[in-house]
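Top to bottom, those sequences are chains A and Z. At position 50 of the first sequence the residue is numbered 33 (this note's numbering), and the sequence of numbers has no breaks. Positions in the second sequence are counted from 1; adding 89 to them yields this note's numbering.
Careful, some of the hints might be misleading.
To be verified - Per the computed footprint, the stretches of chain A lying under chain Z, defined by three or more beta-carbons under 8 Å from a beta-carbon of chain Z, are:
id	stretch
1	6 to 12
2	21 to 27
3	100 to 113
Just so you know, the hints here were simulated from the structure itself, not pulled from any lab data. From the three backbone atoms N, C-alpha and C, an ideal C-beta is built for every residue, glycine too.
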Amino acid sequence: MGVAAADSEFHVLAVDDSIIDRKLIERLLKTSSYQVTTVDSGSKALEFLTTNPNNHQEVEVNLVITDYCMPGMTGYDLLKKIKESSLLRNIPVVIMSSENVPSRISRCLEEGAEEFFLKPVQLSDLNKLRPHILKTKIKHQKQQVQGEAKQEEEEEEEKSEFESPTQQEQQQRQPQQPDNNKRKAAMEEELSTDRTTRPRYNDIATVV
Amino acid sequence: MDRNHLLRQVAYMKNSLFDQGYLDREQFTQLEELQDDANPNFVEEIVTLYYNDSARLIQNMEQTLVNRPIDFVRLEEILHQFKGSSSSIGAKKVNDACTQLKEYCSAENTEGCSRTLQLVKQEHAVLRTRLETYFQMVREAG
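Produce the complete structure using the sequences and hints provided.
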């Protein structure tokens, strides 16, 4: 299960209505070796995240970093929409703001933002991104592998008669998932439970 | 002219801009750190972008103070954008003037807003001249 070490494999979507800040965040991210796409609104961000022009996921977004104060859809609104979407909720989201408002910060973290950066964002802030991306990627890959293995297994069971449980099957005995369709939903369930119970106090400290 | 001499002049100009409070040392240095062989003019590019964008924002702010009744909410919105980009390029004196303007805006003090908006424009213009000279020197130094 090779987790890619090179950041240039990671794609960040940056959302900001300010053209200066878009240029800045793009340069910051590229200097940190990320692939970058910038958009100027939350609605364009959602469009980008949910459109698959070639009918398969070539452009995988590994993290969304968004300004808080934007006309129309705010960064908070965008965060909510991402976390409410079964398709997108696994994507880590980071909020940026020029204003240090503790209640705003708490609200964003409670809604599922990984970090809250005060603007202007520094290179050192971006060092905090990788763990969030890797954690999500590892989880995803684990589930993919488990999913594939389970699928193979179920196919084999159909062919053969009753066999004693293999080691793989024992590892997978977490939430009971009788059929393939429910597997994805259950995975997401697991993830969202994990998210809400994760302590947040550490994250608030990063803002000061 | 000797290149080292030019480079020293560039450093001297930059330090003056920091010491005199025109530029935030930390932020401007961060911008310079983002320059590399592939993006050798990033700082000048972003500053140019700032001046193009902020000219429009200043005009819009002036317009709000001309309209009656004055839409202080709108003024504050535009100011928020303007202050944000000023802060991104490290425009310290401009930023400080914006803070003053913000206070008068919250207080809905028309006279205060007009006065401090003029101050914002002034600082904005002075910095532009200083930076133009600075970037010219940078280019000469190669």
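Tested hints:
no.: 1; hint: 6 to 12; verdict: holds (count 4)
no.: 2; hint: 21 to 27; verdict: violated (count 0)
no.: 3; hint: 100 to 113; verdict: holds (count 4)
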